[in-house]
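There are 2 protein chains.
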Amino acid sequence: MSDPVAAALNRDLPRITQRLVDYVRIASVSTDPAFADGIHAAQEYLIGWLAGAGFTGARLLPSQGHAPVYAEWLGAPGALTILVYGHYDVQPPDPLDKWVSPPFEPQIRDGRLYARGASDDKGPVVVAIETLAAFLRLEGRLPVNVKILIEGEEEIGSMHLAEVVRAHRDLLAADVVISADGARWRADLPTITVGARGMTGFAFAVTTAAKDLHSGRYGGIVGNALHVMAQMIASLRHPDGRIAVAGFYDGIDDPAAAEREALAQLPFDELQFFTALGATPAGEPGFTSLERLFLRPTLEVNGLWGGYTGVGTKTVIPHEARAKLTARLVPGQEPPRVKAAIMAHLERCCPAGARLTFIETRGSTAAYLIPPSHPALAVAERVMGDIAGRPALRVRMGATLPINQIFSAELGIDTIPFSFATADEDYHAPNEFFRLSALEDGVVAWTLLLRALAGDDIAAYRPYHRTVASPHAS
Amino acid sequence: MSDPVAAALNRDLPRITQRLVDYVRIASVSTDPAFADGIHAAQEYLIGWLAGAGFTGARLLPSQGHAPVYAEWLGAPGALTILVYGHYDVQPPDPLDKWVSPPFEPQIRDGRLYARGASDDKGPVVVAIETLAAFLRLEGRLPVNVKILIEGEEEIGSMHLAEVVRAHRDLLAADVVISADGARWRADLPTITVGARGMTGFAFAVTTAAKDLHSGRYGGIVGNALHVMAQMIASLRHPDGRIAVAGFYDGIDDPAAAEREALAQLPFDELQFFTALGATPAGEPGFTSLERLFLRPTLEVNGLWGGYTGVGTKTVIPHEARAKLTARLVPGQEPPRVKAAIMAHLERCCPAGARLTFIETRGSTAAYLIPPSHPALAVAERVMGDIAGRPALRVRMGATLPINQIFSAELGIDTIPFSFATADEDYHAPNEFFRLSALEDGVVAWTLLLRALAGDDIAAYRPYHRTVASPHAS
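So the protein sequences, as listed, match chains A and B.
All residue numbers for the first sequence refer to numbering that gives the first Met the number 0, where the first residue is 0 and numbers rise by one.
All residue numbers for the second sequence refer to numbering that gives the first Met the number 0, where the first residue is 0 and numbers rise by one.
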C-alpha cells in the first residue's frame, strides 16, 4: 500500500475493530425515551473521541431533540471545506427474540460484526472518523478543512435537523457534504448513489354514518364506509399497475437511455430476489424492476382499517374507514402538487353520501439528484473505481433521505454518499451486521478521497452553491 | 274489560311491574364469564317463579353452555300444545358511562323502565309468564297445553340450543312456537313479523409477500396486499349498488305486488330515519328502503385491515390484508351456494402473485318465512288487529333469528313472534328501556291469544308439521 496513512490504518485494523465494538455497545435508540441514557452516552463518547483525535470545538449543537455532535478542523486555508455527516442513533432492536446474539453485545461471526447499529450507521462513521484521526496523528493535518456533524435523529426522520442547521449556517458552511450514511448496492461492485426518491403522504377517513350500524337492521339501505374506501383505493391504480391519479406523472422525464443501460448492467438476480421476498414482480408496465425502483414514482396504501377486526363475527356496517397513503417521488415531481392531485382524485371519486376527511397531512420531501457534473461526484467515482479496478456505476435509491434536502435547502450544497455499509446488512431488522472487510476497504477509500479532494479547486465548486432562503422567510 | 283474566291482570299491573323490576336487577350477561353469578341467579329465579305459578317439571335442560330453563303444563287434552320461547340472558351493558341510571338498577322515567334486558327480553317474558300464571291462579287451568323454554344464549347466537332441542325432541314436541322475543316495528301500529333474513359469511386473507416490505427499498416492484384487497372488495358490487357476484341473486323471486303494497303502507319517515343515522339512503336500485331491508339480500364487509394502523407514518408495503364478509339472505337463496359463489368470485378476481386464504368459515342460517296460511299466524294477526282496532300488517325483519331455523329443523314446527318489545327501545345499546304501556297491552293480547288458540283444531296444524332429520344424520 503506497499511501502511508492508508498503510498505517491497515496495520491499525484490530484497534479500529475494537473501537466499533465499543461504540455499538451503546444502546442509542432514538425513538424510545427508555433509551435516553444510551443517547447521552453516544453523545459523550463521540465528543471525547473527536476531541482526543485533535478536532476542535467538539460539542453538542443545541436542539429540541437529540442534539447533534459537532467538531471541526480548519487548518487548510485555500483548500476545500467538507462537512462530514453521519448519525449516532440506531433503530430499536425489537423483536429481541429473533437475535442470535443480543443486539448490544456485539459478536463477530464469519467476518461480520453483529450488533444493532453496526451497519447503520456506526461502522461507516468509525471508518470516516478513524481515517480523519489517522491523518491528524500521522501528518498533523488534514488534506482539506473538515467539519463533522453526527446527528441523533436520523432514524426518526431527522426531525429537528433542519432547525439546527438553519441556526448554524455560518458554522456549518462548506463546499460539499460527504455522507457516511447510506448503503452500497453490493459489496463487490463499485457504485455511487446519485439520487434518492422523495416522499409525500397523508391519512384520510371516509365516513358514511354517525356510528357503526347493525347489518341486520340496516343492511342494504345505507352505505358501507369500507366498500366506499375499497372503491376509492382501487381507483388509484389502473389494472395494469399505472397510477390513475390525473397529473401524478406530470413533470417526470422519460429515463435517459444511458441511465437505463447503466441499470441493465447492475447485477440483479430477479428470480432469487423475489423468491427471497415471497413475492412476484409487479408494477408499472414498460419498466424493469430496477427502473421501477430507482426511476419511477409509487403510490402505496401503507395501512387501511375499519369495522370489526377482532376474533369471530360482528355483523356491523362500518361507518368509518381510514387509510394511510404515501407516494415515493422522482425528479420533476413537485411534492405539494402530487399531494394535491391525489387528494383531488379522492375527492372526485368519493360518492354522494360519504364524507372525506384528510388527516395527518405531514410534510413532503422532493426527490434528490446530485448534479451529474458535480466535481465531488467525479472524485468519489474515481476513487471507488480505482479501488475496485473497474468503473463505478451510478445508481439511485428507492428510499428517501431527508438530509439531502436539508443540506440543499439550508446550506445550498450537495451531498455525496460515501458509505461502506451494504444493502443486505439487515439494518432495521434483527441480526444487523457490518462486514469487517468494509472497515479495511473503507479506510483506504476515505484516505484516497481526502487526498483527491485536496487537489480540487474551490472555484470549481462555486457553480454548485445555491443561494438559500432567509431563515425568517421559511 | 270483558275477559276476567285480562281484567285481573290489569288490576295486577303494579305487582307485575315490580316483578319486572326484580327480574332486570339480575345481571345475566351471557357473553362475559364475569357474569356467571347473574346467569345462575336468573336460572334459579325463573325456576322458582314457574314452579310457584303452578307449572310442573321446572328445571334446567343440560347444556354445554348456559342451560335453558324448561317447565310445562299439559292439562288440556285434545287442545293444542304451544312452546313458549324467550331468553333470560342479556347484552353486556358497556359502555357504562353512557347510561343515565346504572344498567342493573332499574329506574322508571316517563312511563319507561330503564335497565339492561328490560326490552330484550325480560319485559316480554314477564308479559308471557304473568299471563299464563294468571290463568292458572284464576281458572286453575290454561286454555292450551303449554311448554316453556327460556334459553340463556340468545345474545351469543343460541350456540348450544340446537343440541339441547335435538336431545329433547319428545319433551319439546308442540304444534307451534309462540316466541316472546323479537320487536314490534312501532308501538302504535299492529304488525306481525312473518320472516327474517338468513346469514352466511367468512373471513379471508390476501397475501402478496412473506413480510411487510419497506416502501422505499421495494416500492414499485412488488404487489401491495391492501391494493389487491381493495380491488377485490370493490369488485363485489356494481357501481349502482347491485351485488356483482355471479349467482348471488339466484333463486330469489321478485317481491309480490301485495307485499310491496303492504310495505308501502308502513309509516316510515325516511328523512327523519336517515338523518338520525347521519346517513343517506343507498342500496340496490329499483327498490324502496323498506323493500331493500326486508326483501332483498345484502353483502357487507364487516371489517378490513392491513398494514400500519397506528399513529403517524410507517412506510410499509403491507404483505397481508384481511377482511370479514357477511351476507344477509332472503327466501330462495341457499346459504352454502351463496357462500360458494362469493368465494368463487374472490378466487376469480385474485390477481396472479397474490394468495387468497379463507378463514373463519362459520355456519350459515337460511332466511325464514312463516307459511302465509299458518293457522297460528291468522290467530296472532286477528288478536293484534282486534286490540288495535285496525288490521295488523305483515312485515319482515332484516336481521337473522337462529331460533326460527332451530325449531324448524329440530322440531319441524313454525315460530310465531308475539313480543311487546318495540324496535326503538335501545336494546344492545346504553339506556335500554321497556314501555310500561307494553305490559298493559301485552297481558291483554296474550290472554286473547291463548283463548283464541284454544278454539283452533289440532288437525289444522298437522299440514304444517315437517318431518325432521334423524339426530344421527345431522
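Hints are not guaranteed to be accurate.
Since the list can't tell identical chains apart, any single copy or any two copies may satisfy a pair.
Dumping the calculated DMTMM-like pairs for lysine to aspartate or glutamate here, alpha-carbon to alpha-carbon at most 25 Å [as the list claims (entries may be wrong)]: (1) K210 <-> E269; (2) K210 <-> E346; (3) K210 <-> D456; (4) K210 <-> E283; (5) K313 <-> D2; (6) K97 <-> D425; (7) K210 <-> E260; (8) K97 <-> D31; (9) K313 <-> E439.
The hints are simulated quantities; they were obtained by calculation from the structure and are not laboratory data.
A quick look at each hint next to the structure:
1. K210 <-> E269: between (47 Å within a copy, 18 Å between copies)
2. K210 <-> E346: within (22 Å within a copy, 32 Å between copies)
3. K210 <-> D456: neither (68 Å within a copy, 49 Å between copies)
4. K210 <-> E283: Classified as between; 22 Å across copies, 39 Å inside a copy.
5. K313 <-> D2: Classified as neither; 72 Å inside a copy, 45 Å across copies.
6. K97 <-> D425: Only inside one copy: K97 and D425 sit 12 Å apart there, 50 Å across copies, limit 25 Å.
7. K210 <-> E260: neither (55 Å within a copy, 31 Å between copies)
8. K97 <-> D31: Cα proximity of K97 and D31: one copy only (19 Å, versus 36 Å across).
9. K313 <-> E439: This pair counts as neither: shortest intra-copy Cα distance 60 Å, inter-copy 35 Å.
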